[in-house]
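There are 2 protein chains.
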Amino acid sequence: MIETPYLLFLGDAPDPLAAKVAQGIKDWRPEFAVGQFRMEGCKADMGIPDMTLEDAKAAGCKTLVIGVANRGGVISQAWKKVLIAALEEGFDLASGLHNLLREEPDLVAVAEACGRALHDVRVPEVDYPIANGIKRTGKRCLAVGTDCSVGKMYTALCMEREMRERGLKASFRATGQTGILITGDGVPLDAVIADFMAGSVEWLTPDNDPDHWDLIEGQGSLFHVSYSGVTMALIHGGQPDALILCHEPTRAHMRGLPGYQLPGLDALRDLSLQIARVANPGVQVVGISVNTQHMPEAEARAYLAALETEMGLPATDPYRFGAGKLVDALAAI
Amino acid sequence: MIETPYLLFLGDAPDPLAAKVAQGIKDWRPEFAVGQFRMEGCKADMGIPDMTLEDAKAAGCKTLVIGVANRGGVISQAWKKVLIAALEEGFDLASGLHNLLREEPDLVAVAEACGRALHDVRVPEVDYPIANGIKRTGKRCLAVGTDCSVGKMYTALCMEREMRERGLKASFRATGQTGILITGDGVPLDAVIADFMAGSVEWLTPDNDPDHWDLIEGQGSLFHVSYSGVTMALIHGGQPDALILCHEPTRAHMRGLPGYQLPGLDALRDLSLQIARVANPGVQVVGISVNTQHMPEAEARAYLAALETEMGLPATDPYRFGAGKLVDALAAI
Chain A
22 MIETPYLLFL GDAPDPLAAK VAQGIKDWRP EFAVGQFRME GCKADMGIPD MTLEDAKAAG
82 CKTLVIGVAN RGGVISQAWK KVLIAALEEG FDLASGLHNL LREEPDLVAV AEACGRALHD
142 VRVPEVDYPI ANGIKRTGKR CLAVGTDCSV GKMYTALCME REMRERGLKA SFRATGQTGI
202 LITGDGVPLD AVIADFMAGS VEWLTPDNDP DHWDLIEGQG SLFHVSYSGV TMALIHGGQP
262 DALILCHEPT RAHMRGLPGY QLPGLDALRD LSLQIARVAN PGVQVVGISV NTQHMPEAEA
322 RAYLAALETE MGLPATDPYR FGAGKLVDAL AAI
Chain B
22 MIETPYLLFL GDAPDPLAAK VAQGIKDWRP EFAVGQFRME GCKADMGIPD MTLEDAKAAG
82 CKTLVIGVAN RGGVISQAWK KVLIAALEEG FDLASGLHNL LREEPDLVAV AEACGRALHD
142 VRVPEVDYPI ANGIKRTGKR CLAVGTDCSV GKMYTALCME REMRERGLKA SFRATGQTGI
202 LITGDGVPLD AVIADFMAGS VEWLTPDNDP DHWDLIEGQG SLFHVSYSGV TMALIHGGQP
262 DALILCHEPT RAHMRGLPGY QLPGLDALRD LSLQIARVAN PGVQVVGISV NTQHMPEAEA
322 RAYLAALETE MGLPATDPYR FGAGKLVDAL AAI
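Those sequence lines, one after another, are chains A and B. Residue numbering for the first sequence follows our numbering, beginning at 22 and increasing consecutively. Residue numbering for the second sequence follows our numbering, beginning at 22 and increasing consecutively.
One or more of the hints may lead you astray.
What the hints assert, rightly or not - A partial selection of chain B residues facing chain A, derived with a Cβ cut-off under 7 angstroms:
#, residue
1, Val95
2, Ala99
3, Trp100
4, Asp211
5, Ala215
Hints in this document: simulated from the structure, not taken from any laboratory. A virtual CB, placed ideally from N, CA and C, is assigned to each residue, including glycine.
Taking the hints into account, I'd like the entire structure generated from these sequences.
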């Protein structure tokens, strides 16, 4: 287990979106997010106290969590200096990066010398089976998106919180490093070997009570050419009963792919349903979750209202306006 | 990259089917198949010269390829003796077995001492990039199937041979163990980490001459819940200009999934096109490849004729009746 509370390391995050790991911890486990450590040029801010390593130590932080994601994932020399100082100061390190802490000889050496732990939450630690496609008991809801990073994890977390407040049986099922850092377990799906992806999702969402909902964290997008295979495995391994469509209306192009436009929500609905029916013919699209963080409130509300009319589905920004509509729709299945 | 030509190791193959890797090399790269090494009791025969290790060395062989599936997943002591002698004689070893050469301490020790390479083609040996989706020069054709193991690799190999005979520029691009051993190069896609699947396919099929065709070996099926994520990554990483639909008409259910029926070729066409257009809006379905090995010839020909009418596409069994129709269709793009 990773020792809490945390000092959130934001590094030199090029934009707020790059720090979504830190943001997730701050939003969903605020009691763990004691302080943040930012380097020169950092464009992210969690709105919590900036701390030196010494400050954080004095405030009781046990682990420095790398709260910033990087495409492809290289641990830079600029980061290294801070990470080594943190180990020497007595912090454990936790990371969800592709490039593992445990594969950096200098970090390993210092961690050993200081008796500190290196947690790579991205590394699968289970021998997942190959998916067998057999229908499981209990119900499953999966968030699918028009793009990466449009709020699929937040949607599932918001719905879990709302469902638990209503006394419903619900479990957020983490499939990414942020979710795993938040909940303490899950499947680091993007690091799983191709043949075992769908099987790992079956493993993550086993038989359950008939009235229990797994709220599966989505990954990637069927329309994002870099990661669509991961999304496909989530749909076929998760065999969802319900899909939530996720969207971010101000995105100019697919994340990281300047030549690619976002699909419409109707295209997402149609393709997702077609694919999900292979594993679960009864699957339904129950609602739309819109990340409206870049829209003024009046504009966001107008956008959602128009979307409900256009798509004939409940639409909300669950983080901003609550997940009630989505949970109502789920409960009606 | 595996050094060629090969000495094909057939070991103590209990029947010809056990030596299907060797058979594939002999069929598709006869120039690599210089000789065969058979042990006592071997029931397979490639119809090429039996050679001692010394003979094969003198004939220019660079690599001993394990062309036979082993019993019980163990590399037997009887094999070991030959493999060690081969390393000492100066051969590299190449294998697609589940049990890795590199996990056999004696082989590793001898290979190191002799400066020879151990190629386990099940294991990726390249740090593949994350897919960037940028349009590449040259053309690409991908075989997609209604199910796994319906003849996608043979379809691509048949087309490559036909195209080369016509003086067209064509390269078979291997994405599975057998294909990699046949050609000496490729991506073991089902063993690639999820996030890098599509990137590995981009890496495999780089910029090329405008009139050059990559014939990409397909994997899995969009309709096979265990492996559909791999297929998805092939489509989006490969950004094919042309798709060939592959089918095996006598299959009772999806391979390994008794509860799942095969989709129709029309469903395969529609879903594949929809997905492939994300990466390449100009993609076309150009033909149908049917594995008719379990049908008498007259029945096979009637089936193909009916299919051509029904689907409005050229249909053939390229292994049985030639790939001419498919290549004609490709050349017409």
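Report the numbers of all earlier hints that the structure fails to satisfy, in ascending order. 1, 2, 3
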